[in-house]
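Novice: Residue strings, one per chain:
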Amino acid sequence: ETGVTQSPTHLIKTRGQQVTLRCSSQSGHNTVSWYQQALGQGPQFIFQYYREEENGRGNFPPRFSGLQFPNYSSELNVNALELDDSALYLCASSLAAGTAYEQYFGPGTRLTVT
Amino acid sequence: AQTVTQSQPEMSVQEAETVTLSCTYDTSESDYYLFWYKQPPSRQMILVIRQEAYKQQNATENRFSVNFQKAAKSFSLKISDSQLGDAAMYFCAYIGGSQGNLIFGKGTKLSVKP
Chain A
3 ETGVTQSPTH
13 LIKTRGQQVT
23 LRCSSQSGHN
33 TVSWYQQALG
43 QGPQFIFQYY
53 REEENGRGNF
63 PPRFSGLQFP
73 NYSSELNVNA
83 LELDDSALYL
93 CASSLAAGTA
103 YEQYFGPGTR
113 LTVT
Chain B
20 AQTVTQSQPE
30 MSVQEAETVT
40 LSCTYDTSES
50 DYYLFWYKQP
60 PSRQMILVIR
70 QEAYKQQNAT
80 ENRFSVNFQK
90 AAKSFSLKIS
100 DSQLGDAAMY
110 FCAYIGGSQG
120 NLIFGKGTKL
130 SVKP
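Sequence lines, in order, name chains A and B. Just remember that the numbering used here sits 2 ahead of the position in the first sequence, which is counted from 1. Just remember that the numbering used here sits 19 ahead of the position in the second sequence, which is counted from 1.
Rather than coming from a laboratory, the hints here were simulated on the basis of the structure. Heads up, some of the hints might be wrong.
[As the list claims (entries may be wrong)] Pairwise CB distance ranges, derived in the manner of DEER restraints:
# : chain 1 : residue 1 : chain 2 : residue 2 : range
1 : A       : 64        : B       : 104       : 37 to 43 Å
2 : B       : 91        : A       : 13        : 41 to 47 Å
3 : A       : 16        : B       : 30        : 37 to 43 Å
Please read all numbers here as calculations on a predicted model, not as lab measurements. Glycine included, every Cβ here is placed at the ideal spot set by N, Cα and C.
Isolated chain A (complex conformation):
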């Protein structure tokens, strides 16, 4: 069974640019959640996708957007990058949406904005 994978591992972007991060969910999982983890902080929820639809969003501006594809992999897009967007971005997949389903995390993408 393949776990959650994320690409790329590291990324350096310039302020004002756009970035796309990718996540492949674990086999059989139809729900993907994205989290932002700033240095020295706990992860903060960005949004969740369930069966290709957004299923909840945290306190992030609209320039953070996402997609989920029919194979349940997902993308996180960030437009007009700001220095404060520098963080570790984690995705987690689960069998379904809802509190009872364990979330399995990928290794993260480290984004640096200069």
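With chain A's structure known, arrange chain B on it following the hints.
Specialist: Below, chain B alone, put in the same frame as chain A:
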């Protein structure tokens, strides 16, 4: 709004000794789950232990156990026979009600001395 508080930014333990990490949370929900995650320098978020709020019995996983005090909204993690490989950031997390996202504390950095 639900919150999770970890009041110990850093803890240290001697190898083979026992250490307890503290966590408090705030919620008005009656149905929820609590977790402890471990994040080593490799960044992968690993589930250590999970507690369902409706269960009075404290969860145990090998050397890891919790002390769940529902009325006090306290959820501490005890690591027995600490090993060098236990050194990592530990995050307490909550999920509950209608929300499908995890809410994390700020984490506790655990060092294990040989």
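Novice: Hint by hint, note whether the structure agrees.
Specialist: So, going through the hints one by one against the coordinates:
1. At roughly 42 Å, the beta carbons of residue 64 of chain A and residue 104 of chain B sit within the given window of 37 to 43 Å.
2. In this structure the supplied range 41 to 47 Å holds for residue 91 of chain B paired with residue 13 of chain A, their Cβ-Cβ distance being about 43 Å.
3. Checked against the given bound of 37 to 43 Å, the beta carbons of residue 16 of chain A and residue 30 of chain B, roughly 39 Å apart, stay inside it.
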